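K.L.:
Given next are the chains, with one letter for each unit.
There are 2 protein chains.
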Amino acid sequence: MKAEIIAVGTELLLGQIVNTNAQYLAQQCAAMGIDGYFQTVVGDNEARLKQAISLAKDRAELIIFTGGLGPTLDDLTKDVLAAFLQRELIMHQPSMDRITAFFEARGIAMVESNARQALMIAGSDALLNDTGMAVGNAMTLDGTHYVLLPGPPREMKPMFENYAKDWLRTVMRDEMPLYSTMLKFCGIGESSLEHALLDLIESQQDPTIAPYAKEGEVTIRLSTKAHSQEAANLQMASTVQMIRDRLGLYLYAQEDIGIEQAVLRLLAEKNATLAVAESCTGGLLSDLITSISGSSTSFLGGIICYSNQVKHELLRVPTTMLEGEGAPGAVSAETAQVLAEQLLILMKSDYAISITGVAGPNPSEGKPVGLVYIGVAQKGQPTLVVNVTHSGGRDLIKLKSAKTALYHLWKRLVE
Amino acid sequence: MKAEIIAVGTELLLGQIVNTNAQYLAQQCAAMGIDGYFQTVVGDNEARLKQAISLAKDRAELIIFTGGLGPTLDDLTKDVLAAFLQRELIMHQPSMDRITAFFEARGIAMVESNARQALMIAGSDALLNDTGMAVGNAMTLDGTHYVLLPGPPREMKPMFENYAKDWLRTVMRDEMPLYSTMLKFCGIGESSLEHALLDLIESQQDPTIAPYAKEGEVTIRLSTKAHSQEAANLQMASTVQMIRDRLGLYLYAQEDIGIEQAVLRLLAEKNATLAVAESCTGGLLSDLITSISGSSTSFLGGIICYSNQVKHELLRVPTTMLEGEGAPGAVSAETAQVLAEQLLILMKSDYAISITGVAGPNPSEGKPVGLVYIGVAQKGQPTLVVNVTHSGGRDLIKLKSAKTALYHLWKRLVE
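Just so you know, the protein sequences line up as chains A and Y, in that order. So the first sequence is numbered by full-length UniProt numbering: it starts at 1 and just counts up by one. So the second sequence is numbered by full-length UniProt numbering: it starts at 1 and just counts up by one.
Since the list gives no way to pick out one identical chain from another, each pair is judged satisfied if it fits inside one copy or across any two copies.
Derived lysine-lysine pairs resembling DSS-like cross-links, with alpha carbons at most 30 Å apart:
| hint | residue 1 | residue 2 |
| --- | --- | --- |
| 1 | K2 | K50 |
| 2 | K2 | K214 |
| 3 | K348 | K367 |
| 4 | K214 | K157 |
| 5 | K2 | K57 |
| 6 | K411 | K270 |
| 7 | K270 | K214 |
| 8 | K214 | K367 |
| 9 | K157 | K2 |
| 10 | K270 | K379 |
None of these hints come from the bench; they were simulated from the model. Note that the structure is a prediction, hence the values are computed from the model and not measured.
So that you can see chain A by itself, here it is in the shape it has in the complex:
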């Protein structure tokens, strides 16, 4: 099935927001076996929106709209599509009841324009909005499928995930839908991973094997056509096992989570605590960890030892190690080890990670940009120190370093 995504909103044409909805929907469609050939962005303008619909109808079998379902007069996606299809707009009573209840519960008078959000095109199926007010629509007419979703991602995504996906699977009845599973890797680059799986990737038929890299992590998506996720999982099990046999050392999850989340789960299972000492990552590692709700169960805190003064005074790295002729310097295995071991003592944690390196853009202590030392200390165990050299700009080196440090802790935790 060929699809076109139409994002409606003048704020996109002005560059005030980035079209992340198109990316999300493109990913979701690809994962379901729906082909996207075009994406269009059009403003809150009746004539141009109509033109975009007419064009999309000629070149796609499925048109997914995002945006323009809100209460204001700018929000005209439903009106324009209804006129294009020569259908009426009717009230979706359950949505109207929800909107009324919302205002009543807060003791606020409802502005009449809010009722617009409960309108739907006659003959369409309602897609419920669990996180907002505007009801979504889905319908098939003259062989074209139309799906209308709200613009705000926190409304659009749950509506797609919980309602639109099932609706699409129903209209794709004849073509058995694709189901996927995600394998998440850290500590290995995309090209090394592809190399290890080259024979599988080249001979792939069913399931399909699609690797792609996100910063500091690599994902493989396996997809197969099946009648349900459970049936798909069974069909993919032997391929998953083959990949696990080869790359199990780097495979930290079989679902779409970050390595920080995998690490926090293992720490919670072991009832263990963690502290971090960050030099070149400058707080990013802690920020990644604390972006996960519930991280306070295991994460005690850390030291941002950005200056040598802090490395020496708080974490007891000897001055002779940090500075002077022939000293290893702040960016060294020796310093990484002292940082991690002293942190373990200072914070009384079960595990401690240290990171020290050169984030750039300029070399430091004569050491090249991207060189990073990572220490992983554990109570009663020898400390692990590794070094890696990352490429990229300052932000990317910080991110890759934080992810690599989490990977080495993860490995220690699963050993």
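Knowing the structure of chain A, use the given hints to seat chain Y on it.
P.N.:
Using the frame of chain A, we list chain Y on its own:
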């Protein structure tokens, strides 16, 4: 002038990357007074790209392409446009020389396909690529302007900024181009800011006044038509002064930088040092600061005092303050003050910021999600403690809290 942005790349249709290029170019065009009516995304496919060009030519006077200028056979934007315009592709010798020199310097044999990146459409102007290999193109034919830019943002943006912008200004000769200036605010919400400027915004003619909010900061863009940036600045000076008179307390820069950068500049000017103690922001404040190259001049480091244990043992917050019946608790003015003052002593810094609050999703110590206390300590001066309540999800509350803390330090630094 009406413009259409065409992003070329199957990776966009598959959702592997998000189309940030379209946002950047839309912003740039809006700032220059060029109207964007449509944005299109099309894959690496000859027939469909040709269709997109043909359509855009009918509805726009300027077509900006991104992507498809690379070395591989997938990269066909130049080929397809040249065929569409019935023009030859010719070699741009300076680009070819640069590519050859790159490979020679690294002692690598150049694969022939790399020469494709030096091709340009006959009769077009070359747009140099200072950060990559593929040369850009710009030309006018039959009243339509075509600008071809590479896909990777780190190549596309410098090419647009340094070459395409001037080229566009030349072809816009008849319409005097728009020039802008940015005013950046922190510590005030978008609606309060709009309210303070309502009369100016409602009566705006020249310059135009466009406020927009980014997370934790607000920007006002003033724009006016002029023959140069200098002339524009003169035309806008009295409006800038009027805004400064009303909102100077929140106006931290007259250029597009973050509050962290403004703070770092002031610290460097004063030759002063900074340390931070982060509880609910969990490292994000340090991460923001250390994302600025050169931050090590002023930033010593910090303590991520996520647990009460760290607050007590490293930063000497009394246990009786943190826990027990009637204690102020970790999220309190008292704790924020001790954290900032003890940090100043521990780190021997000139300034210290502390942040403690409830990032959510659940309340803590019976305190509501979003409540945050910020301490700003300075050697020899009384400590400032403020509290704010932020709305939003966990990540947004962290970000707004970090930005607000930087704002209060900025205010102290300019006092």
